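Chains as they are written, first to last, in this note's numbering: chain A, 1 to 760; chain B, 1001 to 1231.
Rather than coming from a laboratory, the hints here were simulated on the basis of the structure. Every value quoted in this text rests on a predicted model; they were computed, and no experiment measured them. Glycine included, C-beta positions come from ideal geometry on N, C-alpha and C. Treat the hints with caution; some may be incorrect.
[Said to hold, decoys possible] Below 20 Å or equal to it, Euclidean Cα-Cα: the simulated SDA-like pairs (lysine to any residue) are:
#  : chain 1 : residue 1 : chain 2 : residue 2
1  : A       : K71       : A       : K596
2  : B       : K1079     : B       : G1208
3  : A       : K447      : B       : K1079
4  : B       : K1108     : A       : K603
5  : B       : K1108     : A       : V187
6  : A       : K603      : B       : L1110
7  : B       : K1108     : A       : L75
8  : A       : K538      : A       : L75
9  : B       : K1108     : A       : R161
10 : B       : K1108     : A       : K278
11 : A       : K447      : B       : N1190
12 : A       : K447      : B       : L1110
13 : B       : K1108     : A       : R446
14 : A       : K596      : B       : K1079
15 : B       : K1108     : A       : D165
16 : B       : K1112     : A       : G169
[As the list claims (entries may be wrong)] Listed next, the stretches of chain A that the computed footprint assigns to chain B, with coverage defined by at least 3 CB atoms under 8 Å from CB atoms of chain B:
#  : region
17 : 139 to 145
18 : 291 to 298
19 : 374 to 382
[Stated by the list, open to error] Heads up, incomplete: computed chain B residues facing chain A, CB under 10 Å, no partners named:
#  : residue
20 : N1012
21 : I1146
22 : C1147
The primary structure of each chain is shown beneath.
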Amino acid sequence: MSEKIIESMEAIPDPVSNLEGMDAELGLQTAIELGLTQGEYEHVCKIQGRTPTITELYIYSLMWSEHCSYKHSKLQLKKFSSEGEYVLQGPGENAGVISVGDGWAVAFKMESHNHPSAIEPFQGAATGVGGIIRDIFTMGARPIASMDSLRFGTLDKPRQRYLFDGAVGGVSSYGNCLGIPTVGGDVFFDEAYEGNCLIDVVGVGLLREEELTRAVGSGPGNHVVLIGSSTGRDGIGGASTLASQEFDEAAENKRPAVQVGDPLEEKLLIEVCLELLKAGKFVALGDLGAAGLTSSASEMASRGGVGIDIDVRKVIQREENMQPFEIMVSESQERMLAVVTPENLPDVAECCDRWGVAYAPIGKITDTGRFVVRDTDLPEDEQIVADMPAEKLAQDAPVYDPTMERPAYLDEVAAFDISALDLPESEEELQQAYMDMIASANICSRKWIWQQYDHQVQGNTVVLPGADAAVVRIGDTGRGEMTNRGIALTTDCNGLYCYLDPYVGAQGAIVEATRNLACVGAKPAAVTDCLNFGNPEKPEVFWTFSTAIDGLSDACKRFRIPVISGNVSFYNESFGNAIFPTPNIGMVGVIDDLDKIMTPSFKDAGDVIILLGETLDELGGSEFLRSRYGLATGKPPGGRSRARGRPRRHASRPHREQDDQVCPRLLRGRHRSRSHRERARGQHRLQRRSRRWTRRMRIAVRRDSEPCGDLRRRGVRRQHRRHGPGKGCAAVRHRNSWREPHRDRGQGQRRPRRGQGDLR
Amino acid sequence: MHFGVVSFPGSNCEQDAVHAIRYLGHDASFVWHQERDLSKFDAILLPGGFSYGDYLRCGAVARFSPVMEEVVREAEAGKPIIGICNGFQILTEAHLLPGALIRNVGLKFLCKTVALRLENSVCKWTDAPAGTVYHLPIAHNEGNYICDPDTLKALQDNGQIVLRYCEENGEVLPNSAPNGALDNIAGICNERGNVLGMMPHPERVCDGVAGNRDGVDFFNGIVRMLEGAVL
């Protein structure tokens, strides 16, 4: 079958560009319906040297949608630093990649699927998982873990329960079927997310450094092969009609723009693509996500500086009478685009047949630099339906620098005075306040959620969900080498803090993530972000976006943690109300020796419990205010807002030497080798930091062990101490964690091994 | 001692099983579902996962894979066969084991570690004493075992019930099964004892990655039994 198609492809003549565009007025009207502005339409005409055809217009409208082009965020994202000791691949590819030692590398990325999920939660969440996983194995990495970060309205409303249940069900059904453990994530409920929930998924994959694959098309004459599901009308315009607009009454009508997932197909695609990548049968590989074939093919061509010629009739279609533009922009799931040399095509065909995966050579790489689409069902001289410069299409999207304005509500919330409240005083009142707080959906156990995710498949989950960070062993289970190395994974962001102060709140996300990683004994290595905001054309929203990015990038730079991948989701609004600014982050930490990790549960009666950091009068944005008074106000904890006057050098910046780093050092004993001067400096910073920056951490240590002395030398005030026999450093727990401690037996809890408690 | 671990399209625990078996010092190989010769293997493992997406009914499509004809033949010849999770579902669909597995009583996927009691059975897959309590992970949406009363009585009378969900102390209470399984059944075998189907995943807790090695018995037991038979 495949050979016949190849022959017919070769019969296709060279591209010609004597295309006639649409009528100018109709073109403009269509462009505006498709979400382009008049200025953008004129820019299209300029690039084309004529009015575009309908197919071209559809393609431009999608490629230049906010979702695909990052036109509002591009300038802001330049603030991030993507350089660091572990980085192999920074932003610009399907996922970022870091080295984790011994030639192993980890690819990861976080991506949102908010808009589809707000309409059809089950499929929205499921295809969200599918999309990010494709990004991972496109890089040549076997997916080894995922995490999901969910933001929903409060669950006392039936609609929210429906949405939340659907979303968890979608993640569970798709992720479990793929055999990828969902090892962590976080959840936050607030009315701000009622009309526009957030589903952000982190995908993590493992590869050997030398197996890193990039989606760069090359070699004129090579085949462009579409592998996977057939192409239908599902998800047409998902990126423009859904992801780049706000929700209103017509939201339900957008349901057809939500794709439907087929996890079996994706599982087979993973196996096919990894097998062929390993065998070196692909020149390039890219996944079909937003804007489908269009974005995948044009990005591949533009990165490689080549052209691409596609015949839409070669695409396997699941519906009849599909128009060329429908085929080009369809967002049908579970499809991959590969560039294959003619010699390797039979091998690709054999592998696909063996796994029962459909494939079709749909075109060729050319040296013209043009992105040509043809429809061979049409008469010979009318076959070309689109002819665009590939590089300009993918790279020349307009870039905006929207106006910003500091929202007025910030002063209001910052002026909040807690002393005006009727605070609980009696023992009963305090007890009630405590009970209300731990019963809150934002504090209580999340077991009912992660119990629905298979978090142990692949057999590498060392620390299960419920701890501060998940720990996954590095190893190619059943196929190759197993190691004693690991990575730690966490997602964090308190949207309420970011609402109250975008700068401090965003920094808080980074700082909390580093603490979570420190608590399991991992060294933070890199960050992926998923920036969820409202409509960027509103100056107040854009100000929060820009300020939150300042917060994230300043914090990352001070910790020297690079931002290596991510995604921006704008237009998270319903009926004109924006969500809390939610710059979600996923952070990966490196663990060189799995024997030296730590779990949060208390280990033995009699162990000393120590609280690191100082308790300040910081109740702004707290669950206490929310649960007892229904208030979402005050100054969030941790430093002073840069936005409120001059930034205080020490107050608003975290530092590498701060107390988040104490825990891994204690666990590894590395501090012993530091010079006296460095230690003195560290101690000074620590004192400063513990006063101003940290949420506190809890450590249980053996009474007579070295850490007690070490902490004293570092000026960490010991707040509580209980005497008794113990076993060294037994548990580290981040106070502010929303997750629950494990039962400490049989549950996959790692008991401290010999030597672990010794800390020397 | 060589285990054949069958891969169906959509299986996802086959690599875990191969790793566990090799970790325990035995041989294991992947067997593609279109294979028709299983004679070189001493035991066959049908792994967990979502064979064919479990789209029609769990295991209903996999049962028609070419390899299953051979699995049935080998089972009838007495070769040890173990089906874990989806493998158990396939074994019931293939009528190598009685009964069926329907959706969990809570209608949700369940992934957790549960306590299980080894019953006094004719099963040859483990030689540990009856009453041993294991902690094994489960991860399934359809693990709720059912069968008709006559079959249940036969299972009980013939010693075909291998594992029951239980409390921490080993006591089996009416509601010990997290998925609502009839008679708290987590694993059963055929009359001859060579075919075992179980919902929990012993292969996930063999190398102690998460501090638990309770799955070891299920692989070493059959090896000891077979090697004893050979000697």
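How the hints compare with the structure:
1. Using a Cα cut-off of 20 Å, the hinted pair K71 (chain A) and K596 (chain A) is violated, with the two alpha carbons roughly 45 Å apart.
2. Only pairs whose Cα atoms come within 20 Å are accepted, and K1079 (chain B) paired with G1208 (chain B) is rejected, the gap being roughly 29 Å.
3. Under the criterion of a C-alpha separation no larger than 20 Å, the hint pairing K447 (chain A) with K1079 (chain B) is inconsistent with the structure, at around 40 Å.
4. Our distance criterion of 20 Å between C-alpha atoms is broken by K1108 (chain B) and K603 (chain A), whose separation comes to about 32 Å.
5. As the CA atoms of K1108 (chain B) and V187 (chain A) are separated by approximately 19 Å, the hinted pair is consistent with the 20 Å bound.
6. A distance of roughly 27 Å separates the Cα atoms of K603 (chain A) and L1110 (chain B); the hinted pair therefore is violated under the 20 Å criterion.
7. This hinted pair does not check out: K1108 (chain B) and L75 (chain A) have alpha carbons roughly 44 Å apart, beyond 20 Å.
8. Distance hint between K538 (chain A) and L75 (chain A) is fulfilled; the C-alpha atoms sit about 17 Å from each other, no more than 20 Å.
9. Only pairs whose Cα atoms come within 20 Å are accepted, and K1108 (chain B) paired with R161 (chain A) is accepted, the gap being roughly 15 Å.
10. Between K1108 (chain B) and K278 (chain A) the alpha-carbon distance is near 37 Å, which puts this suggested pair outside the 20 Å criterion.
11. A distance of roughly 36 Å separates the Cα atoms of K447 (chain A) and N1190 (chain B); the hinted pair therefore is violated under the 20 Å criterion.
12. The straight-line distance between the Cα atoms of K447 (chain A) and L1110 (chain B) is roughly 11 Å, inside the 20 Å bound, and the hint therefore holds.
13. Our distance criterion of 20 Å between C-alpha atoms is met by K1108 (chain B) and R446 (chain A), whose separation comes to about 15 Å.
14. Restraint check for K596 (chain A) and K1079 (chain B): the C-alpha separation of about 43 Å exceeds 20 Å, so the hint is violated.
15. Simply put, K1108 (chain B) and D165 (chain A) have alpha-carbon atoms about 10 Å apart, close enough for the 20 Å limit, and the pair holds.
16. Between the alpha carbons of K1112 (chain B) and G169 (chain A) the distance comes to roughly 16 Å, so the proposed pair stays at or under 20 Å and holds.
17. Here's how the region 139 to 145 of chain A fares: 0 of its residues keep a CB closer than 8 Å to some CB of chain B, so the rule of at least three is not met and the hint is violated.
18. Counting residues of the region 291 to 298 of chain A whose CB lies closer than 8 Å to any CB of chain B gives 0, so the stated coverage by that chain is violated, three being the minimum.
19. For a cut-off of 8 Å, the count of residues in the region 374 to 382 of chain A with a CB near a CB of chain B stands at 0, and the three-residue condition is violated.
20. Interface restraint check: N1012 (chain B) against chain A, minimum CB-CB distance 2 Å, threshold 10 Å, status holds.
21. At about 22 Å, the closest approach between the beta carbon of I1146 (chain B) and any beta carbon in chain A exceeds 10 Å, and the interface hint on this residue is violated.
22. Among the interface hints, the one on C1147 (chain B) is violated; its C-beta lies about 26 Å from the nearest C-beta in chain A, farther than the 10 Å criterion.
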